[in-house]
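The listed protein sequences correspond, in order, to chains A and B. Just so you know, the first sequence maps onto residues -13 to 488 in the working numbering. Just so you know, the second sequence maps onto residues -13 to 488 in the working numbering.
No wet-lab data here; the hints were simulated from the structure. We put the beta carbon where it would ideally sit given N, CA and C, even for glycine. Be careful, since some hints might not be right.
List time: in silico DSSO-like cross-link candidates among lysine-lysine, alpha-carbon distance up to 30 Å [said to hold, decoys possible]: (1) A:Lys399 with A:Lys374; (2) A:Lys237 with B:Lys343; (3) A:Lys375 with A:Lys343; (4) B:Lys343 with A:Lys251; (5) B:Lys251 with A:Lys343; (6) A:Lys32 with B:Lys251; (7) A:Lys374 with A:Lys251; (8) B:Lys(-8) with B:Lys343; (9) B:Lys32 with A:Lys32; (10) B:Lys343 with A:Lys475; (11) A:Lys(-8) with B:Lys251; (12) A:Lys(-8) with A:Lys32; (13) A:Lys251 with B:Lys(-8).
Partner residues are not named here, just some residues of chain A that face chain B (Cβ under 8 Å, in silico) [to be verified]: (14) His289; (15) Arg299; (16) Thr432.
There are 2 protein chains.
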Amino acid sequence: MFEITKSDLAGRTGVLHTNHGSVQTPAYVPVIHPARQTIPSERIRKMGFEMVITNAYITRKRFGDEATRRGIHEIINFNGAVMTDSGGYQVLEYGDVEVLPPEMAAFERGIMTDFGIPLDKPTGFGMPKKTAAQYVRHTLEVSRQTLQAAEDNGQIWIGPIQGGEHFDLVSKSAKGLVDAGFTMMALGSPVEFMESYEYGLLARMIITAKRQIPHSIPLHLFGAGHPLTIPLAVALGCDTFDSASYILYAKNQRYMTGDGTRYLKDISVFPCGCEVCSRYTPAELRQLAETERTDELAVHNLHAIKLEVDMTRQAIHEGRLWEYVMKKSRAHPRLYEIIRIMTGNGDFLAEGTPRFKDRAAFLYDRADQFRPEVQRYHEMVRRFKSKKKTLVIMPETDSRPGYLSGRYAHLAKKFGDSAQICQYSPHLGLVPIEISDIYPAAHHETARNRFEPAEFVEFGTTWKKFFENNSFEEMYYDKKDRFLEYFAKGTRDIKKKNLNKK
Amino acid sequence: MFEITKSDLAGRTGVLHTNHGSVQTPAYVPVIHPARQTIPSERIRKMGFEMVITNAYITRKRFGDEATRRGIHEIINFNGAVMTDSGGYQVLEYGDVEVLPPEMAAFERGIMTDFGIPLDKPTGFGMPKKTAAQYVRHTLEVSRQTLQAAEDNGQIWIGPIQGGEHFDLVSKSAKGLVDAGFTMMALGSPVEFMESYEYGLLARMIITAKRQIPHSIPLHLFGAGHPLTIPLAVALGCDTFDSASYILYAKNQRYMTGDGTRYLKDISVFPCGCEVCSRYTPAELRQLAETERTDELAVHNLHAIKLEVDMTRQAIHEGRLWEYVMKKSRAHPRLYEIIRIMTGNGDFLAEGTPRFKDRAAFLYDRADQFRPEVQRYHEMVRRFKSKKKTLVIMPETDSRPGYLSGRYAHLAKKFGDSAQICQYSPHLGLVPIEISDIYPAAHHETARNRFEPAEFVEFGTTWKKFFENNSFEEMYYDKKDRFLEYFAKGTRDIKKKNLNKK
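So here's chain A without its partners, still in its complex pose (with noise of 0.2 Å):
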């Protein structure tokens, strides 16, 4: 049913094959109102989004049985995948709802859904944990039964996750519907976090879900449909993510970029190529009756929103998706909040993150050191074991493998078969010349700025670990160098020389 095609970081590519049509993931999808929806759908369809979803809740009270007999494609006319939400929300919103969850299930199973939610209780933001604790139990109860009551017809059956801000909960949650056997998950994101622009929270409530949910399960994310969440929640594993915030942005006169959103009025120039932004100034679409400008703008938002989802497919198409991440966290402080989680989470990062990479690494400041390729690195070279007695470090050449430099061939000349020769970097740390064409030892360009040798951490750790492993008796390095000086001062017992005066 899902099928990943490439991976980087948590995120991947992949395609979700339904009942009607398959999807490419990432993707947005966009919230369709059964009635009154103001952009029709076809049009929707025509700009590349491959599933929608809408509610079945409201669905149901609409249309009755009249939607079991047509079927919801035809009822919001869209040709492709359609997931439904159940009315979860609207007893977020409103308290109980007058329908049981297993005739919902049993309306969303007859309307042909291709997506289908049990009629979960969602959690929101600020619930006493006690009260969170029941609607997570609830949630999962009605869950197991709505898929031990599913046919088996091709339709797929989405485990709601909740717990909101009580991480222990969304992790019970999360395991419990895993146990259940549903092949897709959702995540309940509360509107509270995007709103307070409370990316931190986000990221650490979608690294814990994901912890307990196995890679091969996609993870649709509920309420995420903004150009800066959207690389963050991809990054950390979210495959789908629905909204409505395209239309209820446009109603707000409010116009999408992937640098945050902006009132129409205060726009010179659109800094967009889509068909809107093409056909009209910010001038002229200003001047166009309401509705009209609400359409329009609901439709730039919507290329807005896909232009994001496309740049970040092709991010892990080209093994870059960190690098996105991280240039992309400086649209807003709150998002750049996000590096320390993706500093302080590795070891669930590197799970998706090939080995070998086609491109070269582009490494940048501190929190390089962390990425996963970066710190793969480190731990080889934690286990390295020389029997040299005598260690030569030079700074890392323009030619790689570092073998290949005219640099190592001169020391090797000089220093014979005695000597262990690394090469260092800032990132990645030590570089023994053995495996310097090992990646991204091999593959990468580093700014050549100053680094700052307190801030690498990693390379402390791998420079002692390096020292206890082997049994070097002396070094030569050019002591000169400051960022080198500032480990090798901490090294004792080992004769230092200065590489330059032999």
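Following the hints, position chain B against chain A.
Just chain B, lined up with the frame of chain A:
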């Protein structure tokens, strides 16, 4: 002739008024071949490019007197502003050309170009300094004569600055042309700077030239038309820039993106919403016949360049050009190196930066202590005088200006009139409560990260000055605040009291 509408850093948005319509700047100026143009110039006009550049030398060779009869606008079929290069590049490539500077100037005048360039001798890159100095002298002499012979007919003559990597020659060349009376200038950007990704050299060369040129004079940058260089060039004060990159890259199957250039074969999904990328999938585009594919790629490349210019224009409009350039610099480690140049030329970047902005300044890392708005605040605090003997320092509050915060009200009540109360921020330094409403103290967003005090040298300087300028006898602060403690421990002759203990 040049009207500046808004400015930020050394960049500005403006309008160039010409004999053939006005040109919104910053503007990319596509190169049009006078005889072998494959993308029709009307199509380029329709895409929104208001000015193109073509080669007067080739036009003269190919069309001779016909060009003078018909005019360059008809020859290249462009309804907008036209700039003509005079053959200087041909001088560089093929040695001397068989036309004298006055003849070329007369020809450019005759074909009714909007922007003429005297027949200069480009210095390129790697030329011995002595020869380069001769070239600069020759170009200056030719330019002076051309300008003196010019008619007052609305044509704009551009002074070509040369010097390459010899920055003192660049400076002399720019100054000479300003003194000669040019109202627009152009700077030769050695193709070698770009090919070897030496963005730092490019930035230093632009700054060197700009320091000699009055703010009111527009500056064109030759041969720069890549999405990676555009925000940087604009931020340093370039108003227009030309290149043939859109078609040259297309011929090599290279697809431009805001994150760099990709081979068409390496793209899985187009990270772009332009007309070309909406019409084809990458696989479909790859299957087109070569000529058609090259043309479509060239059109996409034009869109990608235009998008970058528009995003940069909008960033100036919003007053967040610093943030945009910093974010953009993460597209390549060599581009990231320009941060050193941005932080080291605060005085130069401050000139065009407004004192007050509507939008909050977003502060991320150590580099942001050097942005002009922040530097200005430091300068103000370094001149701040207080008659109080007691100093109270608290972290900045969420409510701003700080004097509106509950925390301030509490301390003001506790200490009464006897104390000078300050807030602090790692980036802004000390914020005396009396001036906590001045931009950007009242209007910024900072990532809630753990900042290393050693990185905040501007904080240290302001701290030192603040104590030198005033005669505090005691200071209250939270001694557990490790950021403050780092600076307080170096401050002697003052009683230090714990704020939380009082």
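Which numbered hints fail: Hints 3, 7 and 10 are the ones this structure does not satisfy, whereas the remaining hints hold.
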